[in-house]
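Here the protein sequences line up with chains A and B, keeping their order. The first sequence begins at 1 in the working numbering and counts up one residue at a time. The second sequence begins at 1 in the working numbering and counts up one residue at a time.
It cannot be assumed that every hint is accurate.
Computed spacing ranges between beta-carbons, pair by pair [stated by the list, open to error]: (1) Asp39/B - His87/A: 25 to 35 Å; (2) Glu34/B - Gly20/A: 45 to 55 Å; (3) Trp9/A - Thr22/B: 30 to 40 Å; (4) Phe102/A - Gln82/B: 28 to 38 Å; (5) Trp83/B - Phe23/A: 47 to 57 Å; (6) Pro46/A - Gly33/B: 52 to 62 Å; (7) Arg138/A - Asp39/B: 16 to 26 Å; (8) Asp39/B - Leu121/A: 39 to 49 Å; (9) Tyr90/A - Gln56/B: 21 to 31 Å; (10) Ser33/A - Gln56/B: 55 to 65 Å; (11) Thr86/A - Gln56/B: 22 to 32 Å.
Keep in mind the hints are simulated off the structure, nothing from the lab. Where a beta carbon is used, it is the ideal one built from N, C-alpha and C, also for glycine.
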Amino acid sequence: MSFREKIHWIALVGLLSAFGWYFLNYPWEIANSPKGMYIAVWMLLPVTIIFLVPMVAGAAFFAIRSPKDADLKEDEREKGIHLRGTHLAYYPLAIGVQLNIFVLINGFNYGYAVTILIATLVIAELIRVGSQLYYYRRGY
Amino acid sequence: MWGRSYIIIAVATDPMAQTPFTNDIRTLRFLAGEMTQGDLGDKVGVTRQTIAAIEQGKYSPSLEVAFRIAHVFGKPLEEVFQWQRD
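Could you build all of it, start to finish, from the sequences and the hints given here?
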């Protein structure tokens, strides 16, 4: 397994853990209020910590364990995998933004809008990382 | 040195399909003093995983990488890669 694939696995686990915690603990009953928005924004602090700490620790661990792999530049196959994953992630991103516009027009805002934007980013990232892992496993 | 531009020489339409050509990279590696996939990858400028994917027919390399592989073994391209499907 290449260094980049390992980092992708850590990112996938980190995304699921951090944003799983966020969506399970968000106070949905006050979402459509200014307080709901502030809570959503403040909850991003622990989310960032939950996501970044394993990413940094994992990257450092694998880089120390196999520095040669960590120093390797992305080759053409990996660039192709990278581009395919990013391309696939565009669709949920576009749908999420449209959904957010629809929600704002229909009187939902504050925490709902922030949370839908966060969910859009998370789904897009999960599709990007997940599809790239699939391509890494498949070979291309 | 390695150049950023490359041409895809074969693109499979079925994502699970194998490339439309076979290759003798494994044999050539063996004959070249049991060269490892990692060693070949280092010489060509790709990762070990990419060499493994090419060997298994899962990935079509760019024309540049195909030529680099042939050059490592001192063989013409058609002795390393053989077109199979018409």
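Contradicted hints - numbers only: 4
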